[in-house]
Amino acid sequence: MIEVSHLKKWYRVHRRQPGLAAALRSLVRRPYEDVKAVEDVSFSIAAGERVGFLGPNGAGKTTTLKVLAGLLFPTEGQVGVAGFRPQDRAHGFLQQITLVMGQKQQLLWDLPPSETFLLNRAIYDIPRAQYDATVAELTELLDLGPLLGKPARQLSLGERMKCELAVALLHRPKVLFLDEPTIGLDVSMQATVRGFVRAYNERFGATVLLTSHYMEDVAALCPRVMVIDKGRLIYDGALPELIRRVRPDKRVILRFSKTVERRDLEALGTVVEHGDAEAIVQVSQDGLQAAVARALASLPLRDLTVEDPPLEEVMRDLFAQGRAA
Amino acid sequence: MSVRAALRAYPQFLKTGFASAVAYRAEFLIWMFSTNMPLVMLAIWAAAARSGPVGGYSQRGFAAYYLCALLVRLMTGAWIVWELTMEIRQGVFSLRLLRPIHPLWQWSAENLAAIPMRGIVAFPVVIILLWLARGELSHDWFFWLLLAPALLGAWLLYFLVQAIIGTLALRFESASSLFEAWLGFSNILSGYLVPLDLFPSAVRVLAVALPFRFQLSYPVELMLGRGTRVEMLELLAAQWAYVAFFFVVTRVAWRSGMRHYAAYGG
Amino acid sequence: MKALRVVSAMMRASVALALQYRLEFVVEGALAVLWMAVALIPLMVVFGNRGAVAGWTYPEMLVVLGWFVALKGVLEGTLSPSLMQVVEHVRKGTLDFVLLKPADAQLLVSLSKIEPWRVVDLAGAAAIFVYAFQHIGHAPSIAQLSLAAGLLVAAVLVLYSIAILVVSIAFVAVRVDNLLYLFQSVFDVARWPNSVFRGLLAVVFTYVLPLALMTTYPALALLGKLNARTAVAALLGSFLFASVARLIWLSSIRRYTSASS
Chain B
73 MIEVSHLKKW
83 YRVHRRQPGL
93 AAALRSLVRR
103 PYEDVKAVED
113 VSFSIAAGER
123 VGFLGPNGAG
133 KTTTLKVLAG
143 LLFPTEGQVG
153 VAGFRPQDRA
163 HGFLQQITLV
173 MGQKQQLLWD
183 LPPSETFLLN
193 RAIYDIPRAQ
203 YDATVAELTE
213 LLDLGPLLGK
223 PARQLSLGER
233 MKCELAVALL
243 HRPKVLFLDE
253 PTIGLDVSMQ
263 ATVRGFVRAY
273 NERFGATVLL
283 TSHYMEDVAA
293 LCPRVMVIDK
303 GRLIYDGALP
313 ELIRRVRPDK
323 RVILRFSKTV
333 ERRDLEALGT
343 VVEHGDAEAI
353 VQVSQDGLQA
363 AVARALASLP
373 LRDLTVEDPP
383 LEEVMRDLFA
393 QGRAA
Chain D
148 MSVRAALRAY
158 PQFLKTGFAS
168 AVAYRAEFLI
178 WMFSTNMPLV
188 MLAIWAAAAR
198 SGPVGGYSQR
208 GFAAYYLCAL
218 LVRLMTGAWI
228 VWELTMEIRQ
238 GVFSLRLLRP
248 IHPLWQWSAE
258 NLAAIPMRGI
268 VAFPVVIILL
278 WLARGELSHD
288 WFFWLLLAPA
298 LLGAWLLYFL
308 VQAIIGTLAL
318 RFESASSLFE
328 AWLGFSNILS
338 GYLVPLDLFP
348 SAVRVLAVAL
358 PFRFQLSYPV
368 ELMLGRGTRV
378 EMLELLAAQW
388 AYVAFFFVVT
398 RVAWRSGMRH
408 YAAYGG
Chain S
76 MKALRVVSAM
86 MRASVALALQ
96 YRLEFVVEGA
106 LAVLWMAVAL
116 IPLMVVFGNR
126 GAVAGWTYPE
136 MLVVLGWFVA
146 LKGVLEGTLS
156 PSLMQVVEHV
166 RKGTLDFVLL
176 KPADAQLLVS
186 LSKIEPWRVV
196 DLAGAAAIFV
206 YAFQHIGHAP
216 SIAQLSLAAG
226 LLVAAVLVLY
236 SIAILVVSIA
246 FVAVRVDNLL
256 YLFQSVFDVA
266 RWPNSVFRGL
276 LAVVFTYVLP
286 LALMTTYPAL
296 ALLGKLNART
306 AVAALLGSFL
316 FASVARLIWL
326 SSIRRYTSAS
336 S
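Residue numbers (my numbering), protein chains in the order written: chain B, 73 to 397; chain D, 148 to 413; chain S, 76 to 336.
Take these hints with a grain of salt, some might be off.
To be verified - With a cut-off of at most 27 Å between alpha-carbon atoms, the simulated DSSO-like pairs for lysine-lysine come out as follows: (1) 108(B) <-> 302(B); (2) 108(B) <-> 80(B); (3) 222(B) <-> 162(D); (4) 176(B) <-> 222(B); (5) 162(D) <-> 176(B); (6) 108(B) <-> 176(B); (7) 302(B) <-> 176(B); (8) 222(B) <-> 167(S); (9) 246(B) <-> 80(B); (10) 176(B) <-> 167(S); (11) 246(B) <-> 176(B); (12) 80(B) <-> 176(B).
Said to hold, decoys possible - Where chain D lies over chain B, by a calculated footprint (3+ residues, C-beta under 8 Å): (13) 130–143; (14) 159–173; (15) 179–185; (16) 193–204.
Unchecked claim - A few chain S residues facing chain D, derived, Cβ under 8 Å: (17) 106; (18) 116; (19) 125; (20) 128; (21) 271.
It is worth saying that the hints were derived from the structure and are not from the lab. Beta carbons are placed, not taken as given, at the ideal position from N, Cα and C, and that holds for glycine.
Please model the complete structure; the sequences and the hints are all you need to start from.
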């Protein structure tokens, strides 16, 4: 569905310095610099996949997404989406894709969302019957009923995002580009959005490519993740495998029936947390079996669980490694 | 992006445009009330004509001229240049580009759909005009027949110029200043501030040839019944030739703007 | 003085901000010149056809236009952009940040954004005055100049007060963002001396919306045609107007803070 080979995207931007003197100087001579937003990225995504796109700010995620949507021309390399070259922005291509940006809205600000619905029905030339069915479906999935008649400016951020999603999906696109769709939303609204994206993907077999700052989004939604850093793809595969690779250690969570000396825990591995009733110890993958056996034998345990390190930590380490390399 | 698809969507564009004109009615009224320049100019000319006609215009003649100018300005409004520059700045413009119909279609519909709202303010002007200056208006039905395409042409000129300058905002940080410059020239050379036939002949020759005249002075001339039928038909042809020219420029500017946008991003 | 320091810091920030936009800076300067020409040309055409209009000769009318250009520069270069920001603050609900700062809110908001290229307007006004008095044949006396300067202060004060009043309305009814814009266009009337208008309009522009105070009286003062009683009344009236505006501003700020908390 999506084919990208050796994509490269550079921009030239004006470099600005603070202060009055620098501003005056820039009237005469404007310093430019090249920003290498995407250096060399190749991947391919099959129809119906849900893929998460991870990376720190400025890593090139949004740029890649915009190239895929046809908004930006690649500097070098080939890109194909649904059999089209996105930069041609062919009618057939635009009918099949959608882009949702968490920070940009297409709802008409002072009119009710239903008006934007009708507008998009006309723009995408959606047949009446299909339109009615889609609206009914989206209304049910997102619980839009009470929202459609109120001016968009009166809706909360979460309500607006739900309508934003519905508007973007009215024409039943086959490819969804979601850029930070959950930004600023509260936890339960994030879950709603995630659930909806998954339901849409399953029902229509659509391909989903999503960027997010919230690891939870990616973990819950995307069986496959791609990690981009400084314009290069540094990982492409399943999330658990990524975690294993970055942090080849486990966290053993211990609950005690009576207080345990820190010294006894240090014998197992690195102590992350130590309390009266509970402790967390970090243990390498290879040493896990021995450590668990030892804990069971020597400590007054009530409970023992083994977990992966938290996702946010994994990401932090991942990008820290990328920097060091 | 076929024209047929755009035309099919057009009625809905008009409906949505009307709905948003209604939603912004307060702003609309204020905008329209602030279109007062013709009246300001009328004040000085009426004072000048107290002691007798100036250059063929009596006090009543001036009243007729400036009321017609006000009417034309009220009925041919466009504001896409502001919308374009704002959307480009905010980055919402990208979302518009992803739709399978050229954005200019929707903007044109939005601007046209506001005409009923504009009519509310323009109507009293018409009444005053008919009451105060009926003797000054054209008696030839043919001129009034020409007025419809002339007004459409005037609006299209205004709209296309705004589209061209707004498209430049893709390259320059603020193209709205450029539009202000256009407005400045247009105020003088379109007959908005001073009837073109009162200018010294050198300026008049220039003003008559430039496109500004067709934005305002020409429809006003029709309403006041200046010139002959043949002359007015020729002017209509000239106006639409300018429309065609600006249409081509709009296309070129849009294409090149898009290329720049796709290379540098927004 | 603290207020002065605040003002100068705000001005520097404005200038730095304006300079960020290279093209805009050059173009806006040129635009100010262009609009001045746009204001002059109709007058030139009128007086190409008539020796005097409503009792004013061409150079006398130019003096009025000079005041108009100068005040328009003040209005559109400092007051309007700053107060537009207030309206924006009210709409976005970020006015609280301004009110939290330990300086007078009216001062903070009314000079928060300045368009430095509007200095061109003041220079243009000066040029118009010089040209006009060359035509008249004699320069204004020191007494006339100082009276005109006093009236200029009064004019700016009134202009400023009207702008503050308009913004105070924006606190109460948020959807009137464009009211300031409307006032800006009404101000265009001030380019003519008030004797151009007759009947009801003359009364409105002298007393209700004191546009005569802003351009006609200072021009008469420069020309030595203003009698002392009118001058004193104008000065007193403008201070009264400013005080009332200040009171209304304070009360609407109070109402705003109590409504939003």
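Tested hints:
1. 108(B) <-> 302(B): 8 Å, holds
2. 108(B) <-> 80(B): 8 Å, holds
3. 222(B) <-> 162(D): 18 Å, holds
4. 176(B) <-> 222(B): This hinted pair holds, its Cα atoms lying about 19 Å apart.
5. 162(D) <-> 176(B): The hint holds at about 24 Å.
6. 108(B) <-> 176(B): Judged against 27 Å, a Cα distance of about 24 Å means the pair holds.
7. 302(B) <-> 176(B): 24 Å, holds
8. 222(B) <-> 167(S): 19 Å, holds
9. 246(B) <-> 80(B): 25 Å, holds
10. 176(B) <-> 167(S): This hinted pair holds, its Cα atoms lying about 17 Å apart.
11. 246(B) <-> 176(B): Distance of about 21 Å is within 27 Å: holds.
12. 80(B) <-> 176(B): Given that 27 Å is the threshold and the Cα spacing comes to 25 Å, the pair holds.
13. 130–143: holds (count 5)
14. 159–173: With 9 residues in contact (Cβ-Cβ under 8 Å with chain D), the coverage given for the region 159–173 of chain B holds.
15. 179–185: It holds, with 3 qualifying residues against the three required.
16. 193–204: Holds: 5 residues of the region 193–204 of chain B have a Cβ under 8 Å from chain D.
17. 106: 5 Å, holds
18. 116: 6 Å, holds
19. 125: 5 Å, holds
20. 128: 5 Å, holds
21. 271: 5 Å, holds
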